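S.K.: The lines below spell out each chain.
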Amino acid sequence: MKIDWTNKLQHLLQVLAFALGIATIQYGFQPERPYAPPLVYSLLISFFAWSIIDLGREFMPSARETGWPRGWHGLALVIAGTVTGYLLGTWLADQMCRAYGWYAGYPRLDRDTELRSSILVTAIAGITVSFYFYARNKSAYLERKMTEAHRHANEARLKLLETQLEPHMLFNTLANLRALIGADPQQAQHMLDHMIAYLRATLNASRAATHPLQTEFDRLRDYLELMSIRMGPRMAFELKLPPELAQHPVPALLLQPLVENSIQHGLEPKVEGGRVVVSAQRDGHDLVLEVTDTGLGPSGNADLTPAKGAGFGIAHVRERLATLYGAAARVDCAARAEGGFRVTLRFPFQA
Amino acid sequence: MNSPQLAATALIAEDEPLLARALQAELVKAWPQLQIVGVVGDGVSAVAQSLALKPDVLFFDIRMPGKSGLDAAVELADEWPQDQPFPALVFVTAFDQYAVQAFETQAIDYVLKPVQHDRMCKTIAKVQETLARRPKTNANIDDATLGQLRNLLGAMQPPGPAQGALRLIQVSVGNSIRMIPIDEVVYFEAADKYVRVLTHDHEYLIRTPLKELLPQLDVQRFWQVHRGTVVRADAIDSVTRDESGKLQLALRGRKEKVLVSRLYAHLFKAM
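Which chain is which? The protein sequence lines are A and B, in order. For the first sequence, numbering that gives the first Met the number 0 begins at 0 and goes up steadily by one. For the second sequence, numbering that gives the first Met the number 0 begins at 0 and goes up steadily by one.
Among the clues, some could well be false.
As the list claims (entries may be wrong) - Straight-line Cα separation of at most 20 Å, EDC-like style, residue types lysine to aspartate or glutamate; simulated pairs:
#1 K210/B x E188/B
#2 K28/B x D3/A
#3 K66/B x E271/A
#4 K137/A x D3/A
#5 K158/A x E318/A
Since the hints were made in silico from the structure, they are not lab data. All figures in this text were calculated on a predicted structure; none of them were measured in a lab.
So that you can see chain A by itself, here it is in the shape it has in the complex (with noise of 0.2 Å):
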């Protein structure tokens, strides 16, 4: 356990000014009386009350993650903390006081008055106290796992678009695109349309949250158009979208990563190339999406591992959708018996 000792003097140091408010505060009810009892007497109690409450918790296993030990836990701990350090800081004091003879002179007052307002002043003050360390402990926890899910949003973000723009794919392309300059210009500017539209798509993906199934289609179209120039005879596609379906709004570029898997891990690696089919259909309340490939299929040993690298693009579709859809949404890989590789996407039809 690592405790960070400027964090804990700083809350010391807070606790005793408190305390020393508290103290002002009593004085002027009673300006007759001394101010260094009751300033000792705060002082004391909020004292061990403070190093009860705040390095104890260091101490709780169920206050490693916020900073704060959860449920009643924390309860006990105030009320633990805020009793001891009354019973210790007021015995203490009482010694003091009896030492240094501060109420010599002065009348005593009622035992039971007494002690009932300092348990009072305890009472409140330890709960404030506490709260207040309580919430501000708990925004920044909050804080923090704000800004480690939107780095890890960003990250993810990040290795997406890498593996969208691999530098391979890229020259390969362009290597495509200054052969077809010279022996096919109109090929060659149609091969530059759908780049254009792709990289546009790609680079553009993290603005548009939703869009309709037809532009879906219409993006993948681009990047397969792309590839079966790049790839020639060795590669076929289809993309099956019913019309009844073309408005329905699917998560912006879902399909990419699956259809990149297809064509990298399926297609490409594999002699005779083969067959990509996209397709989606409604199936009663649900909708359903298949990206479907005669490529490879899942690499080496039998079980349903996908290649290398392919794994990330699933695993990023499949939290997109558990964000957008919880339980009501489903990905299933499974492994062709004909060979090849088939994803199954299946969340709520929006009528």
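Following the hints, position chain B against chain A.
M.R.: Coordinates of chain B only, in the frame set by chain A:
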């Protein structure tokens, strides 16, 4: 321009048809006397066609289906007949930082895609120089080429795991897992998608491909002697050259001999 123009034959291995055609056109323009005897689209055909056609120059794409251009070249270095000179190798790649770094030694040339005319002329000049220097008889493949192929293979291999060398080989036998101490292994041999693990009295199959196993082995103790064979150095008894000039290892604890490929022959020299 390139003078004197040398007549030679070449094979192109490139999986993208447009790029193969563009490379061919570029070569025709920059080296009219070069006869392109074949264009193939995958690594397996690249090896087969090279052996069948015996061209003087090979243009290999690095990323190809079936087998990478580099693996194809390594296989050719092994299979190439002793009495014929090894072709000049030129790798073609869109982007491969590892490869480009390893190319600095320059026994084998490389061209980046898209291939540009000026760069191509330089490469051609270099290839012609190599071909002109190449001895007409016996000497088959020079050490610089072999060394560079080895470097390239090394550069393409993923770095080994940080936690150090493997100590135990876990093999599934029936429904149990046998633990084989690494010191009992005499050699590993790639077999399809599997690796055969040979101890002095047993033989096991594991599913980890040799390429993934290799970085986990202690390179001081386990020597790769062939693209499909890794031998425990302590177990090597003697090295002999057979009639065809190939090196063979006799191993302690195994009766069969193990072949050493040309790429790794440098490991076995008398002190």
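S.K.: Any hints this thing doesn't respect? Which numbers, in order?
M.R.: Violated hint (a single one): 2; every other hint is consistent with the structure.
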